[in-house]
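Enquirer: Place chains B, C and D on chain A using the hints.
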Amino acid sequence: MINLKDIRETARDMLAKGEARAVIGYRRGSRGMLAEPAFLTKPEEADELVWDPTCFHNLSLYLVHDRKHLAHAGKNSGGAPVAIIAKGCDARSIVVLMQEHYFKREDVYIIGVSCEGTGVVDERKLATHLNGVQASNAAFDGDDFVFTTAEGEKRIPAREVMADRCLECRSPYPKEHNLVFGEDKTGRQLEAPFAALDRFEAQGAGERWENWARHFDRCIRCFACRSVCPMCYCDECVVDSITFPVTTETTADEKASRIRWIERSAARSENITYLMTRAMHLAGRCTDCGECDRACPVNVPIRLLNNKMEKEAREQFGFEPGASIGGPSLVASFLDKDPGEFIR
Amino acid sequence: MSDQQPYEPKIVAFLCKWCSSAGSDLAGVSRIQYPANATPITVPCTGAVSPMYIMSAFNKGADGVLVSGCHIGDCHYLEGNYLARRKMYLIMKLLEFIGVEQNRFRMSWVSAAEGAKFAQVITDFVGDLRPLGPQDKLKRAEIK
Amino acid sequence: MEKILEKKRVDDWVAALTGYEVHAPALEEGIWGYQPINGPIRLDHTNTKQPPKEFAFPQREVFFSFEQIKGEAPRLKQVMPSGPRHAVFGVRPCDGRGVPRMDKVFNDHAQDAYYNARRKNVAYVGLACNKPPSANCFCLSVGGSPVSTDGLDVQLTDLGDRYFVKAITEAGKDLMTAAGKLFADPSAADQKQLKQVHAAAVAHPQRAVNNPDQAPAKLKASFKSPLWDELAQACIGCGICTFLCPTCHCFDINDEVQGKAPLNGQRVRTWDNCQFPDFTMHSSGHNPREGTGARLRQRVCHKFQYFYENFGMHQCIGCGRCITECPVGIDIIHVVNKVVENAG
Amino acid sequence: MSKKRTGVFVCHCGTNIAATVDVAKVAREMSGEDTVAFTQEYVYMCSEPGQESVVQSIKDNKLDSIVVTCCSPNLHEKTFRDNAQRAGINNFTCEIANIREQCSWVHADKAKGTEKAIKISRSVVRRVNRNLPMDAVKVAVTRRAMVIGGGIAGIQAALDIANAGIEVILVEKQATIGGRMLQLSETFPTLDCSQCVLSPKMVEVNRHPNIRLMTYSEVKEVAGSVGNFRVKVHKRSSFVDPDKCKICDHCTEVCPVVVPNEYELGLTSRRAIYIPYAQAIPASFTLDEDACLGLNPIRCGKCKDVCEAGAIDYDMRPVTTTEEVGAIVVATGFDLYGPENMPELGGGRVEDVLDGLQFERLISASGATKGHILRPSDHKEPKDVVFIQCAGSRDPAKHCAYCSKICCMYTAKHARLYKKHVPDGRAYVFYIDIRSGGKGYEEFVQRTMEDDDTLYLRGRVSKLYRKGGKVRVMGTDTLTGQNVEIDADMVVLALAMTPSKGTMEIAKTLKIGRDKDGFLAEAHPKLRPVESVTGGIYLAGAAQAPKDIPETVAQAGAAAAKVIALLSQATLSRSPLIAKVRRSHCTGCGMCVEACPFIAIRLEGGKAVVNEALCEGCGSCSATCLRAAIDVKNVTQMQIHEMIEACLA
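Protein chains in written order, with our numbering: chain A, 172 to 515; chain B, 16 to 159; chain C, 142 to 485; chain D, 75 to 723.
With the rest of the complex left out, here is chain A:
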């Protein structure tokens, strides 16, 4: 059981002693029970920190933001490290970022939090359970989540409202950490890995397409999936014209010769190209934090695409994303025994 007091004290201590220039964690927001990202720089702010089943955000995104701010200011380092609260999946994201040299190990102080009996809540599943009743607070309690509502306390077995990815999580414990709270419950997985994916894949190709066609039609290209993803840290996205890093080195020719792989129109064909390319680019890098899926305002099951890549990588190439900082990259490496039967 994680004691919130310990997390707060660690944060307070680190900020007071200057061991961290900021602590990124979770605090209660202004919207009911939901936690939101918190950026603490003063010791006295430590009491704002919370740890509950709505702490779904993968905060490593903000390490990326921090890096971009530093780079923009022409700095390589911000001095003391940034401390960050990280669940198992979040910590793996941090590992991938370090694997890709986005920052160095010493730039970050990982305060790991183990998802012990449970994981985080899936708002959509919860909404069905609460049936319109608003909750003002959420808490862990063993294998249950406890919600405070106007109609009193509501206790729900976690597995009924947990995010799919948490049910299937293979490593809820943040292996890479400086400090960790909570027990290592690796192997507690409540559903088989890729269970949701397997259910979807059990359909025929025709049915899968019908489903995806509807999903891709819904996409409004708000790019929340990309914006919320710590791995989508590119300054310019390969597939659209939303971002375009222009530096003093950028030539007029370069500006003129941007490849328009896809059009800006939110048409199905373009949405597919975008989302599939994103899935390819996340292959071997996505740690299944589920943020893209959660952020999508029109419920495109983006996780399934990424999950498909993760499953193939695991089963065919024995690859686990975010396993170690010095590990190989999925698409920049190969094994002699990689499958080749599909090739004529």
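Hints are supplied without guarantee of correctness; some may be wrong.
What the hints assert, rightly or not - Each computed SDA-like pair below joins lysine to any residue, with the alpha-carbon atoms no more than 25 Å apart:
hint, chain 1, residue 1, chain 2, residue 2
1, A, K508, B, I87
2, D, K681, A, G497
3, A, K508, D, K590
4, D, K575, B, I87
5, A, K426, C, C391
6, B, K32, D, Y476
7, D, K99, B, Y22
8, A, K508, D, Y476
Unchecked claim - Here are some chain D residues the structure puts well away from chain C; computed CB gaps all over 10 Å:
hint, residue
9, R200
10, R500
11, Q520
12, N685
Claimed, not checked - Chain B is nowhere near these chain D residues, computed Cβ spacing over 12 Å in every case:
hint, residue
13, H282
14, E327
15, V331
For the record, the hints were derived by calculation from the structure and aren't laboratory data. Remember, it's a predicted structure, so these values are computed and weren't measured experimentally. Think of the CB as a built atom: it goes at the ideal place given N, C-alpha and C, for glycine as much as any other residue.
Expert: For chains B, C and D alone, kept in the frame of chain A given last:
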């Protein structure tokens, strides 16, 4: 296209310069006939084929995409085809996953000595694509 | 024109609207969205995920197509919106209030032919909110009301087994007269119940922007406030808040080239959005709204200051979508209150 | 950037193209392309007047790039690029659209063929629009070679290169050079003493002013490419200073540790401090770290105490050095196929069943028995000896598919040598076929059969096992159709030759290919038999394929000649079509570094940097980069994008 003409699948064929493009040259020198549906784009190596190319070809209206290179162990650049094998496997699985017909994407190893095989690969591919009809899943909608 | 329509007759009304393509909220993949009617109409929706702004301002609008044969002058062919008239059922009062705001934007200095062509082709059948459909509703504090008829052509009020149907505009009257026989005249009891329902709706507690009248001046005074950066620290720069906003109207215009020999394609308008980092990116690489703070300020000030200065009303209509859907808890009510309060 | 002015030259190739492709239509369609300023068709574009016309048209029309739609670029790309240069434009702005091999010759339907030819041509025109003028990259050459492997192949190659005045580094894994040949007693077909032939060469290597010998050393890492390799060599510690060692042998007398002697293939034992052979080069003892009691005067220290020369130094450490060389010869030799793989032939566990190399040591004057043939189990002279050929060779179902080539000859030699030593003994040879192509080889085998009265039995041995102090060999004589049972005193297996373990490792380290059997792959089986697929790396000896000594020496000489030719040039020209980083887009993630097969990319200041001398332009980096931050020049993603578009227009 008039009603009389049979449907002709459009194929983009990414051929590595050293093996498959040379193999297709050999098919030519040997005058082995095969359907004219595949337009070759010669790349240095299959390792240079970005999955984005596959997506883009389908997006621009290809009915089928072929990637062909040197046999494993024969890569002029030693490892390019190993890297390609992995990348292409992933994109193939992803296409299959969203429900694109398996036969729309194909990969083959055709060495410089395998002119007949090159012709066969194209013939088979066209044959497999015909029954599928035009690819409209990923294709950008036509201008109205 | 005020009438009573039994709920079970609503489908008959819809069926009688033969000159219209009727859209109503439908639940798909857990999302309420406007869809062409297909089976019995449902008006038990919370609020739709996306506002009905698409009917007049679609995400993609083709302006014209072009073709240029080498050595010849380019040929353009204007593409004007066409199609049947639309009747959109179940529009919430807040979204109704969005309509006149959009009308102003597209008809202020210049008339937007594309917008107007679509706009005159659509009629909105509103549904009063007997109770707030979302925990983040705040229409009352921005000059609206759960029973507002602003922007609507017809207003429905749920009186249990029947609707109180009120024509607001001539277009609304047309919709009702198309099936005149289905409607009954309201009794005094109906009128009384309507009053009671409306009074209760208005009395229902809501979240609120504290000093909406002071907001324009206070925001203006807070342009350089450090609060913007602080409040926007978690912002990920996605397009959810703006794309789902009933009054956000920014767009981009692109040429989508179809072929190069001869050069042909179409000029297309697509939604754009001030929260995307490159929205204000100059070709030189300079970005006047570099950080998330500047971009949040733009969105908030547009809603509560600039629009007010231009048109004498708040652009925000208090639907709460941007709050509910923000993946990282950015809350426009909280932001406005905080900045206004801080301005002293 | 002002608009390109591209010329398109459509070749009819007589009727080769024109018969099945509407060439006029191709030209017409190309003239509709925005950047095409000039088109021309001609019956033979590659003919003298055709080429002149290309040159003239470039000049007359102020073209800055050209596309020739004709035959495969392998045939005339150079021709037309030269023409481009002659006309004053850069040769890299000329591209070939292959509408013959890839179109007119394979499609009889003229309408369809024409359509495809247009697509091909259009895609190349679009590509050329974005081609940049470029100059070939000149790279200086390091005038030094490395030979890996100190067997006869390596020795020969090193001597030949050194004699041409080029510095050579010869790297050998063992404590001495000499390799397998040093283990042999006599060699066929002349039966001259192997060591007598080899020793002078070994000495020459040691004394040669242009040869630096690195024994007990292994190549760990190779970077760079033809002309400029950087090789990391790890030298194990021998704990004996070869310059001081007097090879007096006092140390072995006191060393308490006894281990099997690998140089004698386990037939004898040695001490922890030992000299592989009396003729070892360098002439020095070596202390086997793994066997020694502890390199510590407190634990033992006897050898150090007794060494008058003070040659033993327990503190000697392994050294890793980086050597810069311009070319590499790989001569890492062979091993024998493991008998443990062949349970039918005793699986290596039946006493008095030896392999060919063990038999060589047994009959060698310098071997365990000082040249007397005594069987290992009881040190008695064997009277019935069975030689089994093709043990592991020519057996695609169970073992190696290939013929090991030398076994027929050395088995005949073994039989003869045996008869010389034991005139009253009986020698039997099981064989499948006798392959004795080679000067004097067939005569040699005939003499073995006739003069030495060796019984050749055509057939395979199905089983052998120990019985009553003998080895019972059960086989079939396919010529008589009879089953044969022989109770032999000793059996000698002519085991298949396999690439040495070191060969497999070196192939990985050098990133040179291997064939299906694991031998090093030559660049072309006929025309480039001594080159590896990687420029600047050459092959010699049995690491490439089974071969005998004369063949090995010939190949080593050929490899040396190639090295000499390469290193006689001051600079090398390299294709400029190599990777280029867009620094603004690079985030320094390092995926390109990992993907690059040539170690040509490194991270510097958080950005990828391409080493122009190493990059081969394969594009693996480009397809791996998530940000399109790296591209191969003139085959950019932008160009491919436009080509895809053109193919589908």
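Enquirer: Against each hint, give a clear statement of whether it holds in the structure.
Expert: Going through the hints against the structure:
1. A/K508 x B/I87: 11 Å, holds
2. D/K681 x A/G497: Satisfied, since the Cα-Cα distance of roughly 18 Å is no more than 25 Å.
3. A/K508 x D/K590: Holds, at about 15 Å.
4. D/K575 x B/I87: Holds - the C-alpha atoms of B/I87 and D/K575 are around 21 Å apart, at most 25 Å.
5. A/K426 x C/C391: 24 Å, holds
6. B/K32 x D/Y476: 31 Å, violated
7. D/K99 x B/Y22: Since the Cα atoms of D/K99 and B/Y22 sit roughly 23 Å apart, the hinted pair holds (cutoff 25 Å).
8. A/K508 x D/Y476: 24 Å, holds
9. R200: 8 Å, violated
10. R500: Holds, because the least Cβ-Cβ distance between D/R500 and chain C comes to about 86 Å, which exceeds 10 Å.
11. Q520: D/Q520 clear of chain C: closest Cβ-Cβ about 76 Å, beyond 10 Å.
12. N685: Answer for D/N685: holds, closest chain C Cβ roughly 29 Å.
13. H282: 33 Å, holds
14. E327: 51 Å, holds
15. V331: Non-interface label on D/V331 holds, nearest chain B Cβ at 44 Å vs cutoff 12 Å.
Checked against the numbered hints above, the structure violates hints 6 and 9; every other hint is satisfied.
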